[in-house]
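S.K.: Sequence:
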Amino acid sequence: MPKGTVRVCAVSTCPSPSDVHYFAFPRKDLVLQRLWISKCKRGDKINPINAKVCERHFTCDDFQRNLKAELLNLNSKKKLKAGAFPSCNIPFASPCLNESSRERRMENRKRKDLVLKLLQEHDFHSESNTVFESTSGNEGLVDCSSEDIKFEKGPLTETRSTQADVYRLEKGVQCWEVDGSQFWERKCRKLQRELTSTKKELSQYKAKVKLLSSKKYKQNLIKTTLEEKHSKIHVRHFLNPSKKFNRGYSKEDVTTGLILRSISSRAFEYLRSKNFLPLPSRKTQELFLEDFKCEPGFLDDSIRLLSENMTLSDPHERMAILSFDEMEVRKTFEISARLKQIMGPHKKMQIAMVRGLFSGWKQPIFVNFDTPMKKDLLITIIRKLETAGIIMKGIAFDLGNKSLISELKLSPENFSFEKPADTSRQIYTFPDCPHLLKLFRNHLLDQGYSFKDGDGNSFYLVKKDFQDLLDQDSNELKIAFKINKETILNVMVMPDNV
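Residue 10 is where the sequence shown starts when you use our numbering, and the numbers rise one by one after that.
There may be inaccurate statements among the hints.
List of simulated lysine to aspartate or glutamate pairs, DMTMM-like, C-alpha gap at most 25 Å [as the list claims (entries may be wrong)]:
#	residue 1	residue 2
1	LYS393	ASP480
2	LYS54	ASP38
3	LYS302	ASP262
4	LYS88	ASP122
5	LYS402	ASP334
6	LYS356	GLU337
7	LYS238	ASP310
8	LYS241	GLU304
9	LYS491	ASP480
10	LYS357	GLU335
11	LYS292	GLU278
12	LYS371	ASP441
13	LYS402	GLU337
14	LYS371	GLU299
15	LYS241	GLU299
16	LYS383	ASP441
17	LYS209	GLU335
18	LYS447	ASP474
19	LYS384	GLU343
20	LYS383	GLU335
21	LYS371	GLU422
22	LYS418	GLU335
23	LYS50	GLU130
24	LYS349	GLU427
25	LYS371	ASP474
26	LYS428	ASP441
27	LYS260	GLU236
28	LYS383	ASP474
29	LYS54	GLU112
30	LYS428	ASP385
31	LYS232	GLU203
32	LYS383	ASP334
Hints listed in this document are in silico derivations from the structure and should not be mistaken for laboratory results.
Please build the complete structure, drawing on both the sequences and the hints.
M.R.: As structure tokens, this is what we get:
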């Protein structure tokens, strides 16, 4: 403490020692401040700005522990915990500010007189009973009348007894006052905590209502809901239909534009000119195709594009045939500027292509070098295509894949194998289809075929039938325009023409 300064404790009966710490009244928490003022038990007003309370009126649990100072045996400044209040060496009597000292003295005097009167009556009855018993026990020894007996009471004994009883009575009244004040203080603190928590919840609900009623929240809610099923640029177009968006196209948006353009270029240009849908321009599509990488292995971009195109197709349009073959390449080193790698030297390149069975679409889906077609690779390709929504019905290859034929256990009697994901379905094999068609044509023109109609009757299809068809179809408007005389008449001269 600086020299020349004298600190005074605000508690009424405190001697204000100089060798202790003093703590200022709380200023922010008004409820706690009023509790401090009530604990001081003063009759006059207390200025909480300048008043202080010494550490003698706080327990050890009210101070914050400084573990570092305790370990090093250092003196540290004492700090009170939040919510601490004076609870030690507090006077019992809490003076009333509305009553004067004269009224308090009169009340104490009346209370003492009442206690003294009660004690005198109690002592009188007890002494009368004692004298009556002693007189009846000693009738033959002492002859005295009750009128001559005087009961005198020592002033010292009376004073001590009265003071002790008054002290006990005042002590009980003070204890009741202390317990009652503590009860109401606890009740007040509990209600204060409940009020604080209720105010906090109310503020949270108000903030939530304000957020839900804001325009920004509504726009974000609409935007996030639409983005679950539409792309971002489509959502922006829905929210601002009058604005044209020329940037921000995703890969799916460009792919959708390519599919629409492949179906009908005129429809694509019409939708784009009327701004019905945000579609990328041709320049954007060309830039996207420039980044279209064709790396050795599975062409994932082609499979994804094919999958998106199949979602709107009918089941019969999704039925397809897988054809694969090897082709010889120049055995030399090549540099791929787009892939930024050196390729080669390779001898052969394996290409797998899927094409529609009832429709005219086709798409390469696998390219690799020096990779013969095996059963495991074939099963992997079929599974990828089935996952993309394509219904595989068969495979076509040449007779050079002898190892694949042996792995699939193909023979004239067994010309199919089970589908990997669905064993109830069969995938049929067509080895060397061009030569099969050539042999079918040669046999048809040389020997003919026997067919059965719906009634079970047999009829023959021979070379003469095609000659009669050519004679009848010799007008300007031809129905069978792909059948000509060279195909029928020169078959014996050029039997190997595929």
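S.K.: All hints are to be evaluated individually against the structure, with a verdict given for each.
M.R.: Right, here's what the structure says about each hint:
1. With a CA separation close to 50 Å, the supplied pair LYS393 and ASP480 exceeds the 25 Å bound.
2. A distance of roughly 19 Å separates the Cα atoms of LYS54 and ASP38; the hinted pair therefore holds under the 25 Å criterion.
3. For the hint pairing LYS302 with ASP262, the CA-to-CA distance comes to about 18 Å; that is within 25 Å, so the pair holds.
4. A distance of roughly 49 Å separates the Cα atoms of LYS88 and ASP122; the hinted pair therefore is violated under the 25 Å criterion.
5. Between LYS402 and ASP334, the direct Cα distance comes to roughly 18 Å. Compliance with the 25 Å bound is thereby established for this hinted pair.
6. Of the supplied pair hints, the one linking LYS356 and GLU337 holds, its CA atoms being roughly 6 Å apart against a limit of 25 Å.
7. Between LYS238 and ASP310 the CA atoms are separated by roughly 21 Å; this keeps the pair inside 25 Å, and the hint holds.
8. Taken as a hint, the LYS241 and GLU304 pair is broken in the structure, with Cα atoms around 29 Å apart against an allowance of 25 Å.
9. For the given pair, LYS491 sits about 14 Å from ASP480 by alpha-carbon distance, which is consistent with the 25 Å threshold.
10. Taking the CA atoms of LYS357 and GLU335, the gap is about 6 Å. The hint holds against a cut of 25 Å.
11. With a CA separation close to 13 Å, the supplied pair LYS292 and GLU278 stays within the 25 Å bound.
12. Note on LYS371 and ASP441: the hinted pairing holds, with a Cα-Cα distance of about 19 Å set against a maximum of 25 Å.
13. About 28 Å separates the Cα atoms of LYS402 and GLU337, which puts this hinted pair outside 25 Å; it is violated.
14. Distance check on the hinted pair: LYS371 and GLU299 sit about 21 Å apart at the alpha-carbon level, within 25 Å; holds.
15. Between LYS241 and GLU299 the CA atoms are separated by roughly 23 Å; this keeps the pair inside 25 Å, and the hint holds.
16. With a CA separation close to 17 Å, the supplied pair LYS383 and ASP441 stays within the 25 Å bound.
17. Between LYS209 and GLU335 the alpha-carbon distance is near 75 Å, which puts this suggested pair outside the 25 Å criterion.
18. About 19 Å separates the Cα atoms of LYS447 and ASP474, which keeps this hinted pair within 25 Å; it holds.
19. In summary, the hint linking LYS384 to GLU343 is not supported, as the alpha carbons are separated by about 30 Å, beyond the 25 Å threshold.
20. Between LYS383 and GLU335 the CA atoms are separated by roughly 13 Å; this keeps the pair inside 25 Å, and the hint holds.
21. A hinted pair counts as satisfied when its Cα atoms are at most 25 Å apart, and LYS371 with GLU422 does not qualify at roughly 30 Å.
22. At most 25 Å may separate the alpha-carbon atoms for a hinted pair to count; LYS418 and GLU335 meet this at roughly 21 Å.
23. Between LYS50 and GLU130 the alpha-carbon distance is near 37 Å, which puts this suggested pair outside the 25 Å criterion.
24. A hinted pair counts as satisfied when its Cα atoms are at most 25 Å apart, and LYS349 with GLU427 does not qualify at roughly 41 Å.
25. Proposed proximity of LYS371 and ASP474 is contradicted: the alpha carbons are some 34 Å apart, above 25 Å.
26. Restraint check for LYS428 and ASP441: the C-alpha separation of about 21 Å stays at or below 25 Å, so the hint holds.
27. Taking the CA atoms of LYS260 and GLU236, the gap is about 15 Å. The hint holds against a cut of 25 Å.
28. Note on LYS383 and ASP474: the hinted pairing is violated, with a Cα-Cα distance of about 44 Å set against a maximum of 25 Å.
29. Only pairs whose Cα atoms come within 25 Å are accepted, and LYS54 paired with GLU112 is accepted, the gap being roughly 20 Å.
30. Restraint check: the Cα-Cα separation between LYS428 and ASP385 comes to about 13 Å, which is no more than 25 Å; the hinted pair holds.
31. The straight-line distance between the Cα atoms of LYS232 and GLU203 is roughly 40 Å, outside the 25 Å bound, and the hint therefore fails.
32. Straight-line distance between C-alpha atoms of LYS383 and ASP334 comes to about 12 Å, which keeps the hinted pair within the 25 Å bound.
In summary, the numbered hints that this structure violates are 1, 4, 8, 13, 17, 19, 21, 23, 24, 25, 28 and 31.
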